[in-house]
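Line by line, the protein sequences are chains A and B. To get my numbering, take the position in the first sequence, counting from 1, and add 816. To get my numbering, take the position in the second sequence, counting from 1, and add 816.
In short, the hints are calculated from the structure, not lab data. Any given hint could turn out to be false.
[Claimed, not checked] Chain B is faced by these chain A residues, among others (derived, beta-carbon under 8 Å): (1) 847; (2) 861; (3) 916; (4) 918; (5) 929; (6) 960; (7) 983; (8) 993; (9) 994; (10) 1011.
[Claimed, not checked] Calculated cross-link-like contacts (lysine-lysine; reagent style DSSO-like; alpha-carbon spacing at most 30 Å): (11) A:821 to B:821; (12) B:883 to B:871; (13) B:963 to A:1042; (14) A:1012 to A:1041; (15) A:963 to A:1012; (16) B:1053 to A:1053; (17) A:1041 to B:821.
Glycine included, C-beta positions come from ideal geometry on N, C-alpha and C.
2 protein chains.
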Amino acid sequence: MESMKNRRTVRKYLSKDISSELLNDLLETSFRSSTTGNMQLYSVVITRDPEMKEKLSPAHYHQPAIKTAPVVLTFCADFGRFTKWCEQRRAIPGYDNFQSFMNAFIDAVIAAQTFCTAAEEAGLGICYLGTTTYNPQMIIDILKLPKLVFPATTITVGYPDGIPGQADRLPLNGIIHDERYNDYTPADIDRIYAYKESLAENRRFIAENTKETLAQVFTDIRYTKKDNEALSENFMKALRQQGFIS
Amino acid sequence: MESMKNRRTVRKYLSKDISSELLNDLLETSFRSSTTGNMQLYSVVITRDPEMKEKLSPAHYHQPAIKTAPVVLTFCADFGRFTKWCEQRRAIPGYDNFQSFMNAFIDAVIAAQTFCTAAEEAGLGICYLGTTTYNPQMIIDILKLPKLVFPATTITVGYPDGIPGQADRLPLNGIIHDERYNDYTPADIDRIYAYKESLAENRRFIAENTKETLAQVFTDIRYTKKDNEALSENFMKALRQQGFIS
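Produce the complete structure using the sequences and hints provided.
And the structure:
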């Protein structure tokens, strides 16, 4: 539990490699976690080859972690393998739809997160690349993902080069709800975000970006409406291409 | 790592309660896990009240765990709180779209899975209810989830009543891929599913359901095309209702 409490996202890695033995052990451990109907609706593509990292880099907006980490893992929602099994066993599969995509997506993220927890306990550091669902089609093409396989999330992993600071978190009572969702009043919002807004680092972000508030750094620069709408269209197009929606 | 390797899904619980102190500690630990842009796009609704469990029960097809577990947790994708914050800070939010839903959904599942790992390490047992996305609208109504909040997954948690057997898993090399996705040949499929198909328990399922193959138990009974298509429509309707797609 201590390694879960003290964790930090690690974006800088030593050039030390991760042995296949350790990596396989961590992956096998992660595959023990819960999965929909014990179908294990995921696959993991392991990237170690520098040339492949170079190819994946633009899909992840050239975040440095992808090229400096010894190992990059793309966890994929995978109903393709299961569908092939069905077809080979005189069973008629019905997994070319959105619900099935979401089942596989949950399975992939659960396995990915268990991998992260296990890796951190073993002294490794990880970073999620949320960019995976931003440019799914590029990743599909590079990793040659067939129909009913979709990249869910990417994890860079390696031995940490230094110990980064721990990120702030919202107060617990700003996230949990007793019995029913208690919608937030303006006073609640002020209270919940007060600590985050007080941090010197976040005040610097505001100044650097010549904004008035921290929220504006998110809405105007980091996660804009325009980008989100374009990415939503990309996502849907790739879902169609991979056969999960019609 | 040992508790991750040895884990089993627990569906039967002792009547012993979980203290708020322990529960809060586990939740706080889970909120240390990775989150998109440190936005923490999730909320957790805690159900302890037997009356609320009774109400939630039909949404989960009356799975017994929901009424016998001392605590039921509904992890929700939540862009509502963040959007309220933006609106209160002269920032124009753009999170009423599919990409934002998926970002929040990933965040919710990552936190849920870290909770499970921490709970298991603390001697508790958990069970995921995948039914959460089958009847989202029922859960939205019961838990009073506002716009831009969506139930992602539900976990029942309690002290285990007995130690269930460990479920089988596919062989590691049936799930991982080096550098590129190596699509499965018929021989690969036979090999990967051989152990699962050999299990007495699975042979019994085939006989009980008067089917020819285990795959047919999945396609004809457990996860049918007809159900998946109806559930996909339900899901999309609820996504629209909660403001994530138009």
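Hint by hint, which ones does the structure fall short of? The structure conflicts with hints 10, 15, 17, although it agrees with all the remaining ones.
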